[in-house]
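Chemist: Keeping their order, the protein sequence lines are chains A and B. First residue of the first sequence: 67, per our numbering; consecutive thereafter. First residue of the second sequence: 62, per our numbering; consecutive thereafter.
The set of hints was computed from the structure by calculation and includes no laboratory data. Yeah, the Cβ is synthetic: ideal placement off N, Cα and C, and Gly gets one too. Warning: the hint list may mix true and false statements.
[What the hints assert, rightly or not] In silico SDA-like links for lysine to any residue, alpha-carbon gap of 25 Å or less:
#	chain 1	residue 1	chain 2	residue 2
1	A	K162	B	E163
2	B	K118	A	G159
3	A	K135	B	Q102
4	B	K118	A	N96
[As the list claims (entries may be wrong)] Output of the computed footprint for chain B on chain A, the stretches with three or more beta carbons under 8 Å from beta carbons of chain B:
#	stretch
5	107-119
6	156-165
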Amino acid sequence: SQQGEEDPQALSIQEGENATMNCSYKTSINNLQWYRQNSGRGLVHLILIRSNEREKHSGRLRVTLDTSKKSSSLLITASRAADTASYFCATEGAQKLVFGQGTRLTINP
Amino acid sequence: DTGVSQDPRHKITKRGQNVTFRCDPISEHNRLYWYRQTLGQGPEFLTYFQNEAQLEKSRLLSDRFSAERPKGSFSTLEIQRTEQGDSAMYLCASSLGVGLEEQYFGPGTRLTVT
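Just need the whole structure built from these sequences, with the hints factored in.
Modeler: Structure representation (structure tokens):
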């Protein structure tokens with residue numbers, strides 16, 4: 067079974083707008099990671115946030131983590147067509163990753 | 062390209078046949094992971110290796126599945142007596158294995174069982 071639940075399952079926005087995706091999980095974690103997957107390809111690591119961190123930035127990405135609510139969010143600012151992909155949160159515990167079902171993001175030109 | 066590679070990229074087989082997939086991790090990475098991903102779902106953990114030792118296997122990995130990592134380098138995943146439910150993308154990933162860090166994924170092998 068999958069631990070993470072992403073919300074929304076699908077998101078469609080105009081190029082240049084910001085996109086926010088949320089992830090909720092069930093058990094305690096060591097860290098939480100976000101990955102991107104373009105259609106039919108492998109996953110690419112985007113950002114890792116440790117359980118003792120609350121916010122992290124990487125370029126146009128901002129991730130927050132609220133361990134009391136067991137939730138995380140991924141914000142992509144100034145979206146581009148190339149950001150069209152599926153985004154997965156993954157919680158790390160006991161040396162393995164447990165992925166959510168993902169958010170399918172579509173950026174319209 | 063020094064990333065994770067997988068072979069073959071696509072495999073079509075008939076039900077009941079055996080198939081074997083190969084994964085070559087990033088050379089200095091100690092840990093190697095196998096995941097399975099079906100359409101519209103996130104990857105599901107199957108098993109992982111620390112060097113040549115297989116340290117954990119998911120309940121998803123039935124007796125028909127076996128994985129090896131001889132000499133702690135490349136890994137193979139074999140599925141015996143394939144079933145239609147085995148149709149999925151099989152993803153391999155590797156990591157340094159020194160703590161909490163990201164995993165690097167290969168492009169996957171898409172298996173179709175007819």
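Chemist: State for each hint whether it applies.
Modeler: Against the structure, the hints come out as follows:
no.	hint	verdict
1	A:K162 - B:E163	holds (11 Å)
2	B:K118 - A:G159	holds (15 Å)
3	A:K135 - B:Q102	holds (24 Å)
4	B:K118 - A:N96	holds (20 Å)
5	107-119	holds (count 7)
6	156-165	holds (count 8)
Checked against the numbered hints given earlier, this structure breaks none of them.
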